[in-house]
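S.K.: The opening residue of the sequence shown carries number 1 in UniProt numbering; numbering runs sequentially from there.
Some hints here could point you the wrong way.
Quick list of simulated restraints, FRET-style, between CB atoms [to be verified]: (1) Asn69 to Thr103: 39 to 47 Å; (2) Gln26 to Glu57: 32 to 40 Å; (3) Gln26 to Glu126: 13 to 21 Å; (4) Lys54 to Thr22: 34 to 42 Å; (5) Gly88 to Ile50: 34 to 42 Å; (6) Tyr109 to Gly29: 18 to 26 Å.
No lab work stands behind these hints: they were computed from the structure. In this text, a Cβ means the ideal position worked out from N, Cα and C, and glycines have one as well.
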Amino acid sequence: MKKLLYTFIACLTVAAASAQSTIDKQLQGSWMLAEAMVSGMRINVTAQTITFSKAKEAELTQQQRDVINSQKQEVFDNLKGSRVIISGKTIEFYMGNMGKQGTYTVAPYSDAHVLKVTYEDGSADEMIVFIKDKQLHITKSDDIDRDEMVFAK
Numbered sequence: 001m002k003k004l005l006y007t008f009i010a011c012l013t014v015a016a017a018s019a020q021s022t023i024d025k026q027l028q029g030s031w032m033l034a035e036a037m038v039s040g041m042r043i044n045v046t047a048q049t050i051t052f053s054k055a056k057e058a059e060l061t062q063q064q065r066d067v068i069n070s071q072k073q074e075v076f077d078n079l080k081g082s083r084v085i086i087s088g089k090t091i092e093f094y095m096g097n098m099g100k101q102g103t104y105t106v107a108p109y110s111d112a113h114v115l116k117v118t119y120e121d122g123s124a125d126e127m128i129v130f131i132k133d134k135q136l137h138i139t140k141s142d143d144i145d146r147d148e149m150v151f152a153k
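Please model the complete structure; the sequences and the hints are all you need to start from.
M.R.: See the structure below:
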């Protein structure tokens with residue numbers, strides 16, 4: 001009975017290590033921003049469209065809509081080169097004209113993974129990541145917002 005239990009535990013350990021290795025391999029490369037969902041706003045960089053959740057749509061005034069429409073092209077121009085580059089255990093984020101570099105660890109979490117990043121400036125981030133339909137999904141949440149970015153190779 002003990003031998004069976006040890007065999008089962010060994011199999012689980014090998015499976016977890018294999019899954020870890022697989023996600024590390026899948027994350028490698030340069031990922032371009034395709035879409036971002038921020039504060040009820042969906043910005044599709046590829047299609048150059050901006051849409052709103054029903055809740056966000058209800059709270060926007062006409063003046064706010066006009067401002068968003070007048071600045072839409074500027075938003076797309078700023079986000080066009082946004083990307084994540086992952087090489088080994090190094091990760092680089094470039095959004096608009098800002099960039100951050102650091103190292104990461106990844107651990108299984110439900111049907112996704114937790115990506116923990118320690119940046120060169122000493123700050124840190126924790127986010128949920130998964131790959132679906134050859135796209136990298138990164139979700140970051142706090143007490144108020146849940147933002148998601150989708151990247152494609």
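S.K.: Decide, hint by hint, whether the structure agrees.
M.R.: Tested hints:
The given range of 39 to 47 Å is respected by Asn69 and Thr103, whose C-beta atoms sit roughly 40 Å from each other. Restraint check, Gln26 to Glu57: a C-beta distance of roughly 35 Å satisfies the suggested window 32 to 40 Å. Distance hint check: the CB atoms of Gln26 and Glu126 are about 19 Å apart, consistent with the given range 13 to 21 Å. Between Lys54 and Thr22 the Cβ separation comes to about 37 Å, which falls inside the hinted range of 34 to 42 Å.
For the pair Gly88 and Ile50, the beta carbons lie near 35 Å from each other, so the given range of 34 to 42 Å is met. Our hint of 18 to 26 Å for Tyr109 and Gly29 holds, since their Cβ atoms are close to 22 Å apart.
Checked against the numbered hints given earlier, this structure breaks none of them.
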